[in-house]
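Taking the hints into account, I'd like the entire structure generated from these sequences.
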Amino acid sequence: MRIVVAVKHVPDIQAERTLGEDGRLARDGGDGTLNEVDENAVEAALVIAEGAGGAEVIALTMGPDDAVDAARRALQMGADSAVHVLDDEAAGSDAMGTAHVLAAAVTKIGGVDLVVTGMAATDGLTSLVPAALAAELGIPALTLAVDVTVDGGSLVVRRELDHADETLRAALPALISVSDRANEARYPNFAGIMAARKKPVTLWSLADLGIDAATVGSSGARTRILSAAPRPPREDRVLVTDTGDAGTKLAAFLVQHKLA
Amino acid sequence: MTVLVLLDHADSGDLRATAPELVALASTLGSAEGVWVGAAPVPGRLPSGLARVHRVAVAHDEHLATSVSDALALVAGETGASAVLLASTFENKDVAARLGVALRAGVVTDADSVAVEDGRFVAGKTVLAGTWTTRVEVVAPVAIVLVKAGAADPAPPSGAPEVVDHTVDSSSAAPVEVVERAERAGTGRPDLASAQVVVVGGRGTEGDFGPLEELADVLGAAIGATRVATDEGWIARDAQIGQTGVTVSPRLYIGAGVSGAVHHRGGMQAAGTIVAINNDPDAPIFEIADFGIVGDLFEVLPQTTAELRRLRG
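Protein chains in written order, with this note's numbering: chain X, 1 to 260; chain H, 1001 to 1313.
If you're looking for bench data, these hints aren't it; they were derived computationally from the structure. Keep in mind that a hint or two might mislead.
[What the hints assert, rightly or not] Only pairs whose alpha carbons sit at most 25 Å apart, straight line, appear in this in silico DMTMM-like list of lysine to aspartate or glutamate:
{"id": "1", "chain 1": "X", "residue 1": "Lys-249", "chain 2": "H", "residue 2": "Asp-1296"}
{"id": "2", "chain 1": "X", "residue 1": "Lys-249", "chain 2": "H", "residue 2": "Asp-1280"}
{"id": "3", "chain 1": "X", "residue 1": "Lys-258", "chain 2": "H", "residue 2": "Glu-1206"}
{"id": "4", "chain 1": "X", "residue 1": "Lys-198", "chain 2": "X", "residue 2": "Asp-162"}
[To be verified] Not the full set, but computed from the structure, chain H residues with beta-carbon under 7 Å of chain X:
{"id": "5", "residue": "Val-1163"}
{"id": "6", "residue": "Arg-1181"}
{"id": "7", "residue": "Thr-1244"}
{"id": "8", "residue": "Ile-1293"}
[Claimed, not checked] Label pairs and their computed distance ranges (CB to CB):
{"id": "9", "chain 1": "X", "residue 1": "Gln-256", "chain 2": "H", "residue 2": "Asp-1169", "range": "56 to 64 Å"}
{"id": "10", "chain 1": "X", "residue 1": "Gly-53", "chain 2": "H", "residue 2": "Asp-1231", "range": "29 to 37 Å"}
{"id": "11", "chain 1": "H", "residue 1": "Pro-1281", "chain 2": "X", "residue 2": "Ala-26", "range": "28 to 36 Å"}
{"id": "12", "chain 1": "X", "residue 1": "Asp-245", "chain 2": "H", "residue 2": "Asp-1231", "range": "28 to 36 Å"}
{"id": "13", "chain 1": "X", "residue 1": "His-163", "chain 2": "H", "residue 2": "Pro-1157", "range": "19 to 27 Å"}
{"id": "14", "chain 1": "X", "residue 1": "Ser-205", "chain 2": "H", "residue 2": "Pro-1281", "range": "48 to 56 Å"}
{"id": "15", "chain 1": "X", "residue 1": "Ser-205", "chain 2": "H", "residue 2": "Asp-1282", "range": "45 to 53 Å"}
{"id": "16", "chain 1": "H", "residue 1": "Ser-1172", "chain 2": "X", "residue 2": "Arg-237", "range": "52 to 60 Å"}
{"id": "17", "chain 1": "X", "residue 1": "Gly-210", "chain 2": "H", "residue 2": "Gly-1077", "range": "22 to 30 Å"}
{"id": "18", "chain 1": "H", "residue 1": "Glu-1213", "chain 2": "X", "residue 2": "Ser-154", "range": "36 to 44 Å"}
{"id": "19", "chain 1": "X", "residue 1": "Gly-210", "chain 2": "H", "residue 2": "Pro-1281", "range": "36 to 44 Å"}
{"id": "20", "chain 1": "H", "residue 1": "Gly-1313", "chain 2": "X", "residue 2": "Arg-186", "range": "58 to 66 Å"}
Cβ coordinates follow ideal geometry from the N, Cα and C atoms, glycine included.
Listed below in structure tokens is the structure:
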């Protein structure tokens, strides 16, 4: 069994994050980290691999030089090898372009039974890539999983949606996206960190994937950011310490602002 | 220019609260046409402004993202639609992603406004946990925009327009089986994602949402929660507000015992007015609160509820 887990390097959400003049995220702050829910994706991939006995887990990432840190984290957690799609022409890809590149990489890896992703990345938060990636690959997408079981050649996923709870089943090969509720991600131990240093990271360019650079990156993006501005600070803010009448003051505030 | 609106509905056929908002928004952009997927009967009254409704029978379970995407692709092809608007939910993001691949369309998620500028669709959205506002243009011929609740005033109901029937005979999508699906009953409160007023509890409630429920009753509010509160089992999972939960943008947000961790702020920072009650003066939520109270929520909330009741006589 061969499992690919897609991981993304994102700016740390605890640090100040900014957009550049082109409206694109500043990714050079040095405060990058593995996207949080991707840790749950790696964990899910490892657990499934362990259950299958001898399955191979390959971490796949795309992005500038620093992006390899996300793949390295996956290697430290226990993935066997990594693929990093690194190409200046891929910069500025929108979600659809990203899915196209990742699909080409999964196809080139070959023989993949299962693709695992996180349900969202904390930078763009579009959550579009998992389903788009599955559509590109022509495999079923079982998204937003809070529980995953592999039963022979099929995959069963439980998910909790806004208005319903569902259990879905599909045959492998398939894609799953996992929620942060799917599991508790393991923390890399010292042996894992040491072992990761010797694990292979393969670099691929768009040309290696047979992708015309004009179809992805900022030149191929189907959406374009026209403007970006920091939200103006909230004005006339009030902070009171309760001395016995703060609840009444709040009621007055709500009525005054026609909110109650 | 035709703008399709996915008419999200419960199995009973009741429209979701966001549908009338999307219809109103679509009517400002072009000729709005509804898409109704599945077997539930089309209601006799629908939001005004729809030129017609496309009712689509699908090849597989109508709840699957692939079924909804197939239906929208069929109608988009037959109408030559320039845009498709959907409510911005995680389920619809799967639909939009697949449709985007099928139509080679540009997809924008979490839009709080949509306009046509120089013949192109331009969406407004906040990013980076609500700290930045952006305008995003779709440069592909077809735009797919996922619109957040509250982006427009809902269109009032009127008589149903002409209904056109379509059938998706077969799907190119890889098969997925719905083993089990249980639609949850409503809480009797407004839908969290689209509510105008939201009362939210966090760790500081210590599991007692009673004072929040009382205030929500007076305000006609939905009840939300932080990740901690749902993890503790104090309230259902679907009440979780944040980056991996529900995103809310109500007129009024009241957080009680909510610290304001960045995950949570990402799901609520676009709220119009933010009120916070917390006994920790260093809670990060006070950095973004319009009205902050350092105090005990079990003292403050009942007092507010009682005062609002008194003012209303």
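Each hint, compared with the structure:
1. Lys-249(X) / Asp-1296(H): This hinted pair holds, its Cα atoms lying about 14 Å apart.
2. Lys-249(X) / Asp-1280(H): 19 Å, holds
3. Lys-258(X) / Glu-1206(H): Violated. Lys-258(X) to Glu-1206(H) sits at ~30 Å, over the 25 Å cutoff.
4. Lys-198(X) / Asp-162(X): Violated. Lys-198(X) to Asp-162(X) sits at ~44 Å, over the 25 Å cutoff.
5. Val-1163: Violated, because the Cβ-Cβ distance from Val-1163(H) to chain X comes to roughly 24 Å (cut-off 7 Å).
6. Arg-1181: OK, holds: Arg-1181(H) within 7 Å of chain X, min 5 Å.
7. Thr-1244: At 5 Å from the nearest chain X Cβ, Thr-1244(H) passes the 7 Å test, so the hint holds.
8. Ile-1293: This interface hint holds because 5 Å falls under the 7 Å limit.
9. Gln-256(X) / Asp-1169(H): 56 to 64 Å: 60 Å, holds
10. Gly-53(X) / Asp-1231(H): 29 to 37 Å: Holds: the Cβ-Cβ distance is about 32 Å, inside 29 to 37 Å.
11. Pro-1281(H) / Ala-26(X): 28 to 36 Å: Roughly 32 Å apart at Cβ, these two residues keep to the hinted range, so it holds.
12. Asp-245(X) / Asp-1231(H): 28 to 36 Å: Between Asp-245(X) and Asp-1231(H), where Cβ atoms are some 34 Å apart, the hint holds.
13. His-163(X) / Pro-1157(H): 19 to 27 Å: With Cβ atoms ~21 Å apart, the hint holds.
14. Ser-205(X) / Pro-1281(H): 48 to 56 Å: 53 Å, holds
15. Ser-205(X) / Asp-1282(H): 45 to 53 Å: Once the Cβ atoms are compared, 48 Å apart, the range 45 to 53 Å for Asp-1282(H) and Ser-205(X) holds.
16. Ser-1172(H) / Arg-237(X): 52 to 60 Å: Holds, at about 53 Å.
17. Gly-210(X) / Gly-1077(H): 22 to 30 Å: This hint holds: roughly 29 Å between Cβ atoms.
18. Glu-1213(H) / Ser-154(X): 36 to 44 Å: 43 Å, holds
19. Gly-210(X) / Pro-1281(H): 36 to 44 Å: 58 Å, violated
20. Gly-1313(H) / Arg-186(X): 58 to 66 Å: 59 Å, holds
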